[in-house]
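*Asks:* Residues per chain are reported as follows:
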Amino acid sequence: MASRPVPDHVPPELIHNIGLIESPEFLAAPHDFMAALHDRCPPIFWSTGTQSAGWNLIKHEDAFFMLRSAEYFTNKGGTPFPRDPANPFRLLPVEADPPEHRQFRNVLDPMLSPQGILRLEHTIRKLANDLIDEVEAKGECQFDEAFGRPLPVSIFLDLMGLPQDMRDTFVEWAVDLLHATDPAVAGRAYWAICGYLEGAIEDKRKRPDDGAMSRIINGQIDGEPMSAQDVFGFTVFLFIAGLDTVFATLNNMWLWLAQNPAKRREIIARPDDIMAINEELLRRFAVTFSGRTLLKDIEMRGVRMKAGDKVMSILPACNFDPEVFPNPLSVDFDRKRKPILSFAGGVHSCMGAHLARLEIRIGLQEWLRRIPDFELKPGFTAEFRPGGVVGPEHLPLVW
Amino acid sequence: MPHITYVAHDGASQTLDITAGENVMHGALYNGVEGIVGECGGALACATCHCYIDAAWVDKVGGPASDAERDMLGSAGAEVKPESRLACQIVVSDALDGLVVHMPDRQF
Ligand code: HEM
Ligand code: FES
Chain A
874 MASRPVPDHV
884 PPELIHNIGL
894 IESPEFLAAP
904 HDFMAALHDR
914 CPPIFWSTGT
924 QSAGWNLIKH
934 EDAFFMLRSA
944 EYFTNKGGTP
954 FPRDPANPFR
964 LLPVEADPPE
974 HRQFRNVLDP
984 MLSPQGILRL
994 EHTIRKLAND
1004 LIDEVEAKGE
1014 CQFDEAFGRP
1024 LPVSIFLDLM
1034 GLPQDMRDTF
1044 VEWAVDLLHA
1054 TDPAVAGRAY
1064 WAICGYLEGA
1074 IEDKRKRPDD
1084 GAMSRIINGQ
1094 IDGEPMSAQD
1104 VFGFTVFLFI
1114 AGLDTVFATL
1124 NNMWLWLAQN
1134 PAKRREIIAR
1144 PDDIMAINEE
1154 LLRRFAVTFS
1164 GRTLLKDIEM
1174 RGVRMKAGDK
1184 VMSILPACNF
1194 DPEVFPNPLS
1204 VDFDRKRKPI
1214 LSFAGGVHSC
1224 MGAHLARLEI
1234 RIGLQEWLRR
1244 IPDFELKPGF
1254 TAEFRPGGVV
1264 GPEHLPLVW
Chain B
-15 MPHITYVAHD
-5 GASQTLDITA
5 GENVMHGALY
15 NGVEGIVGEC
25 GGALACATCH
35 CYIDAAWVDK
45 VGGPASDAER
55 DMLGSAGAEV
65 KPESRLACQI
75 VVSDALDGLV
85 VHMPDRQF
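So the sequence lines, in the order shown, correspond to chains A and B.
Residue 874 is where the first sequence starts when you use our numbering, and the numbers rise one by one after that.
Residue -15 is where the second sequence starts when you use our numbering, and the numbers rise one by one after that.
Same shape as in the complex, but just chain A (with noise of 0.2 angstroms):
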């Protein structure tokens, strides 16, 4: 893919290659390449890559600011996300602006709340303690497939009100969604995954009960019932933003986890600390980025930008502010809590936050206590794809 021409009103000094998501250094230590761009880049600078072509944000403030000012940032049109042209549907909450975006997220906030989803905490924990038992006694095994992968499909699969028999076909058509080589392959993916949305909306319709999905189709937007397609669009977005995130962020703590046997002690014999130190954990593991549209012209640290450009926070770097967090790629969790970004802020801050919060302590703490001690597989080296989601592909595990 050939880079987009710069405009005239980029000032050369301020183009920057940087190579995010696919150079081969980023891949290499993607959190450690994120944290050094405060030394190696200005503050805001235009990047060149194919993926990341606009202006880029590293610090805590400006991805805030960018954020929480939607009448200068906006979101639409800013999924790169195939669409069939006769059913050209919006992915919601995220492609909507305020404020019709609010009663969107009025429709399941209720549910995903930290009082809401604590409903769901007892079934996260059996789902979490039945893939350790498919585990335990072999002594290894693949991190990614075996637990990174199966949790975040099945919990998607408990709170949509769908059957936890669908688990494998799921993680199948998510894996080669979002993770396929040959773009056919991803098609196939999507269409089947659509497909089957479709059914089970119709399902939920003759057939609704307490789930998400039946209270996304029983939801009203101005007085009025939800239309199809935004039932759909708003169905289609829970699945794809809850599981390659979660996904990633923990390979990314267990490839941590498993290198780093101190912070591991100090992890169970703090059971007390827990929410601390998941916390610290999500800063340190980000694994996202918040990319956004220039409605008007602005100016930023002495910075002129032109309604029309690209603008996107690259939040791992922004939770690396050595402003904000000395020290920034060391995991301390006694640091005093600040704002992380990990799930963006501003009226889209991640939907599934308090959700991916439960699930990452549930799976630290009921792993920690079933399997304390485990390494790498000798030999092993992680290998990172190039994506908007950034995690090891695969973790091999031995204790």
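If you're looking for bench data, these hints aren't it; they were derived computationally from the structure.
Where hints are given, some of them may not hold.
[To be verified] Chain A stretches covered by chain B per the calculated footprint, using a threshold of three residues with CB under 8 angstroms from any CB of chain B:
no., region
1, 981 to 989
2, 1147 to 1154
3, 1202 to 1211
[As the list claims (entries may be wrong)] Partial list, computed: chain B residues near chain A (C-beta under 7 angstroms):
no., residue
4, 25
5, 30
6, 52
7, 55
[Unchecked claim] Here are the simulated DMTMM-like cross-link-like pairs (lysine to aspartate or glutamate), alpha carbons at most 25 angstroms apart as the crow flies:
no., chain 1, residue 1, chain 2, residue 2
8, B, 44, B, 63
9, B, 65, A, 1196
10, A, 1211, B, 18
11, A, 1169, A, 934
Even glycine gets a Cβ: it sits at the ideal position worked out from N, Cα and C.
Following the hints, position chain B with the ligands against chain A.
*Replies:* Showing chain B with the ligands alone in chain A's frame:
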């Protein structure tokens, strides 16, 4: 249901019935009260639900519920005062029926 009064920075106030067990941040958000943003949804991860407890209620409500709340208040956008709290950390109960909270001039 307990009544909670939200006083905007310009002095305009709204009194609402909030279910016991809900928190003061959600009480504002679900009822369209402006002035409390609550963007992390109560994860103690954003400091955009900052409010000042009315002088008459400070003793009853008390100070920050945890070190994490105290830390996070440090990231609030507006001036932090002794009566500052994060609204998502205040659980509505019958004991707080009549609570008055004042909203700061900005949340970030
Ligand atoms: C560790 C795991 C996760 C991470 C790191 C993560 C990260 C993010 C980020 C950065 C955004 C903002 C995107 C933007 O600003 O353009 C977002 C939005 C969103 N996430 Fe998550 N997410 C995670 C898990 C989940 C889960 C489990 C769900 C499903 C329940 C979910 C549902 C959503 C939704 C619906 C949005 C769009 C919200 C809106 O536009 O208002 N996420 N997530
Ligand atoms: S809502 Fe984020 S800290 Fe209260």
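*Asks:* Can you list which hints this structure breaks, lowest number first?
*Replies:* Hint check: nothing fails, all pass.
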